[in-house]
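The hints should help you fit chain B onto chain A, whose structure is shown.
2 protein chains.
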Amino acid sequence: MKKVAIGIDIGGTNTAIGIVDKEGNIIVKDNIPTPAHGDIDIYISDLSVAVKELIKSVKLLNDDIEILGIGIGAPNGNYYNGTVEYAPNLSFKGVIPFVELLRSNFHDLEVIALTNDANAAAIGEMIYGGAKGMKNFVMFTLGTGVGSGIVVNGELVYGHDGFAGECGHTILVPDGRICGCGTPGHLEAYCSAPGMKRTAFELMAHYNASDSLLADRSFNELDSKMIFEAAEKGDKIAQEVFETTGRYLGQGLADTVHHLSPEAIFLFGGPTAAGDYIFKPVKESMEEHLLPIFRGKIKILPSKLKPGDAAIVGASALAWKEIQK
Amino acid sequence: MKKVAIGIDIGGTNTAIGIVDKEGNIIVKDNIPTPAHGDIDIYISDLSVAVKELIKSVKLLNDDIEILGIGIGAPNGNYYNGTVEYAPNLSFKGVIPFVELLRSNFHDLEVIALTNDANAAAIGEMIYGGAKGMKNFVMFTLGTGVGSGIVVNGELVYGHDGFAGECGHTILVPDGRICGCGTPGHLEAYCSAPGMKRTAFELMAHYNASDSLLADRSFNELDSKMIFEAAEKGDKIAQEVFETTGRYLGQGLADTVHHLSPEAIFLFGGPTAAGDYIFKPVKESMEEHLLPIFRGKIKILPSKLKPGDAAIVGASALAWKEIQK
Numbered sequence: 057m058k059k060v061a062i063g064i065d066i067g068g069t070n071t072a073i074g075i076v077d078k079e080g081n082i083i084v085k086d087n088i089p090t091p092a093h094g095d096i097d098i099y100i101s102d103l104s105v106a107v108k109e110l111i112k113s114v115k116l117l118n119d120d121i122e123i124l125g126i127g128i129g130a131p132n133g134n135y136y137n138g139t140v141e142y143a144p145n146l147s148f149k150g151v152i153p154f155v156e157l158l159r160s161n162f163h164d165l166e167v168i169a170l171t172n173d174a175n176a177a178a179i180g181e182m183i184y185g186g187a188k189g190m191k192n193f194v195m196f197t198l199g200t201g202v203g204s205g206i207v208v209n210g211e212l213v214y215g216h217d218g219f220a221g222e223c224g225h226t227i228l229v230p231d232g233r234i235c236g237c238g239t240p241g242h243l244e245a246y247c248s249a250p251g252m253k254r255t256a257f258e259l260m261a262h263y264n265a266s267d268s269l270l271a272d273r274s275f276n277e278l279d280s281k282m283i284f285e286a287a288e289k290g291d292k293i294a295q296e297v298f299e300t301t302g303r304y305l306g307q308g309l310a311d312t313v314h315h316l317s318p319e320a321i322f323l324f325g326g327p328t329a330a331g332d333y334i335f336k337p338v339k340e341s342m343e344e345h346l347l348p349i350f351r352g353k354i355k356i357l358p359s360k361l362k363p364g365d366a367a368i369v370g371a372s373a374l375a376w377k378e379i380q381k
Numbered sequence: 057m058k059k060v061a062i063g064i065d066i067g068g069t070n071t072a073i074g075i076v077d078k079e080g081n082i083i084v085k086d087n088i089p090t091p092a093h094g095d096i097d098i099y100i101s102d103l104s105v106a107v108k109e110l111i112k113s114v115k116l117l118n119d120d121i122e123i124l125g126i127g128i129g130a131p132n133g134n135y136y137n138g139t140v141e142y143a144p145n146l147s148f149k150g151v152i153p154f155v156e157l158l159r160s161n162f163h164d165l166e167v168i169a170l171t172n173d174a175n176a177a178a179i180g181e182m183i184y185g186g187a188k189g190m191k192n193f194v195m196f197t198l199g200t201g202v203g204s205g206i207v208v209n210g211e212l213v214y215g216h217d218g219f220a221g222e223c224g225h226t227i228l229v230p231d232g233r234i235c236g237c238g239t240p241g242h243l244e245a246y247c248s249a250p251g252m253k254r255t256a257f258e259l260m261a262h263y264n265a266s267d268s269l270l271a272d273r274s275f276n277e278l279d280s281k282m283i284f285e286a287a288e289k290g291d292k293i294a295q296e297v298f299e300t301t302g303r304y305l306g307q308g309l310a311d312t313v314h315h316l317s318p319e320a321i322f323l324f325g326g327p328t329a330a331g332d333y334i335f336k337p338v339k340e341s342m343e344e345h346l347l348p349i350f351r352g353k354i355k356i357l358p359s360k361l362k363p364g365d366a367a368i369v370g371a372s373a374l375a376w377k378e379i380q381k
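Order-wise, the sequence lines are chains A and B. What the first sequence shows, in the numbering used here, is residues 57 to 381, in sequence order. What the second sequence shows, in the numbering used here, is residues 57 to 381, in sequence order.
In short, the hints are calculated from the structure, not lab data. Misleading hints may appear alongside valid ones.
Heads up, the list lumps identical chains together, so a pair's fine if it works in one copy or across two of them.
Unchecked claim - The list that follows gives simulated cross-link-like pairs (lysine to aspartate or glutamate, EDC-like), each with its CA atoms no further than 16 Å apart:
#: 1; residue 1: Lys353; residue 2: Glu141
#: 2; residue 1: Lys191; residue 2: Asp217
#: 3; residue 1: Lys188; residue 2: Glu296
#: 4; residue 1: Lys188; residue 2: Glu319
#: 5; residue 1: Lys191; residue 2: Glu211
#: 6; residue 1: Lys78; residue 2: Asp95
#: 7; residue 1: Lys336; residue 2: Asp102
#: 8; residue 1: Lys355; residue 2: Asp217
#: 9; residue 1: Lys353; residue 2: Asp217
So that you can see chain A by itself, here it is in the shape it has in the complex (with noise of 0.2 Å):
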């Protein structure tokens, strides 16, 4: 009997649903818009209409699957309590007892666990990705916000209240940048792909650079992949988005290896698409920004799980992560 997860991950705009096997490949998955309309009755209802449409479609595959549990990625996912809680962009308001509704329409599953999706990527990372084996490690997902996952002694770090792990709001430059949760300086509000586009604006008035071939783009317009493009086109304010921010990040990443000491900090997203052009400038800044005892010792990796595929996968890794305890 081959055995297989569901992956759930909850945006803002839409919900991604899939059925994962245990060595990470999607058999077969699905989208539902998440709704703006804030009644979580109808969303819960629609969502298992569809998770049981893809189990139906995956028995008609293989007769012989059993279906071990649901994993789901949500902002603000509280594992604990297996709640939604005051998630400031989706509609549904307060704190949502998301698993308990959702386990009344799938009484047979072993489990159905939640927490948010940075979270779910660093358990997707130690499940099917480059984190395998790995005891002590970190996961920084690079997107429009910047979320982390923290894993110690094998088990991921949920803290007091189940919501450790978000390192993307700890303070880079005090009174700096206006960070999306309203706070000033965070790592998120200079290491996002928005965060890239920041940095761009700024180098680009710094210069007055109108020769750069982001000086076409307006605010709304440009993006992380833009100034990747231009930079391996050469062009200067491009490259320097890329160092500044690796910088940034990597002084950030410093902090978290002073808490935490991990073997390894895998970075997923966007921006990584970039190669060297982000990790070489976030290795030597963490590396001058380390206590001499951990120099040289600590591991800047890309994430192995892939682009588009990695929230559900994230996620469904959750459920496989539960049943071995």
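Relative to chain A, chain B alone:
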């Protein structure tokens, strides 16, 4: 049969030894110099003699005592290997297999374990102090330096290499004050006792504060106790030192919360004797720097370990903790 553990605290100039009961009471204690001669064999021999004398004296008091083990707090102490590695303020160079060397004189003890002093203090807080029953907390020790010990899921976090918990060396102010480790802007350069003195000198320079009660003290004379006494007498500079130190520390603690989401953070050391002068701005600043989901949740508490005994008691707690495993 009464069970006791031995605690050894290795400082730069002094080694303190004590025999401690399950409630954290020191039954007998002694001191030997931490030598400057750099000969580890002589030191281990002297230390072993002193420990054996203490065991003898405690057995004279009560014949029915069982010595369970030795816990050692040492600078750059590596829990995994039982080594002291490149400790900058000790005369022993390189990697010293401390536990192995001591073990050759104490074959019959169930446990000999070693970690750094701040980790030992955290375990002390967990076994004897205010963190009894807590599964997720962090200890900050404010003294000549700033140490920290992190507890996750009831276990101390040692990280991949045994050296986790160096939160004193996270970066508060990029390109800020030079830390004792040589790097700019570390928390320790602002929130240690010497850091408070540096803040006092900055503030006197800023305000040209010739009327401050601190203005007749040289840089080498001034200490954090004098600053506290001046604050109590209404000295504005001294009061602003506490306010500033507290604000810096609160910023650093917010970073720690964003990593770990602990139930509580314990503060230990000389500066904490100032009570609300330090705790109030620490709490306010931490809250300001936290994401909304963490606000109002994390306790900032004074350590319940007795200042004079904490180093020995913390070290002995490591032995109790090992025996529990």
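We went through each hint and held it up to the structure:
With identical chains, the CA atoms of Lys353 and Glu141 are at most 16 Å apart between copies only, with a shortest distance of 14 Å across copies and 37 Å within one. Proximity of Lys191 to Asp217 under the C-alpha cut-off of 16 Å is restricted to the inter-copy arrangement: shortest distance 11 Å between copies versus 22 Å within a copy. For the homomeric pair Lys188 and Glu296, neither the shortest alpha-carbon distance inside one copy (34 Å) nor that between copies (50 Å) is at most 16 Å. For the homomeric pair Lys188 and Glu319, the shortest alpha-carbon distance inside one copy (12 Å) is at most 16 Å, but the shortest distance between copies (30 Å) is not.
Within a single copy, Lys191 and Glu211 get their C-alpha atoms as close as 8 Å, and across copies as close as 14 Å, so both meet the 16 Å cut-off. Taking the closest pair of Cα atoms, Lys78 and Asp95 never come within 16 Å of each other, the shortest separation being 34 Å inside a single copy and 55 Å across copies. Within a single copy, Lys336 and Asp102 get their C-alpha atoms no closer than 45 Å, and across copies no closer than 49 Å, so neither meets the 16 Å cut-off. Proximity of Lys355 to Asp217 under the C-alpha cut-off of 16 Å is restricted to the inter-copy arrangement: shortest distance 13 Å between copies versus 29 Å within a copy.
Only between protomers do Lys353 and Asp217 lie at most 16 Å apart by alpha-carbon distance; the minimum there is 9 Å, versus 31 Å within a single protomer.
The structure does not agree with the numbered hints 3, 6, 7 stated previously, though it agrees with the rest.
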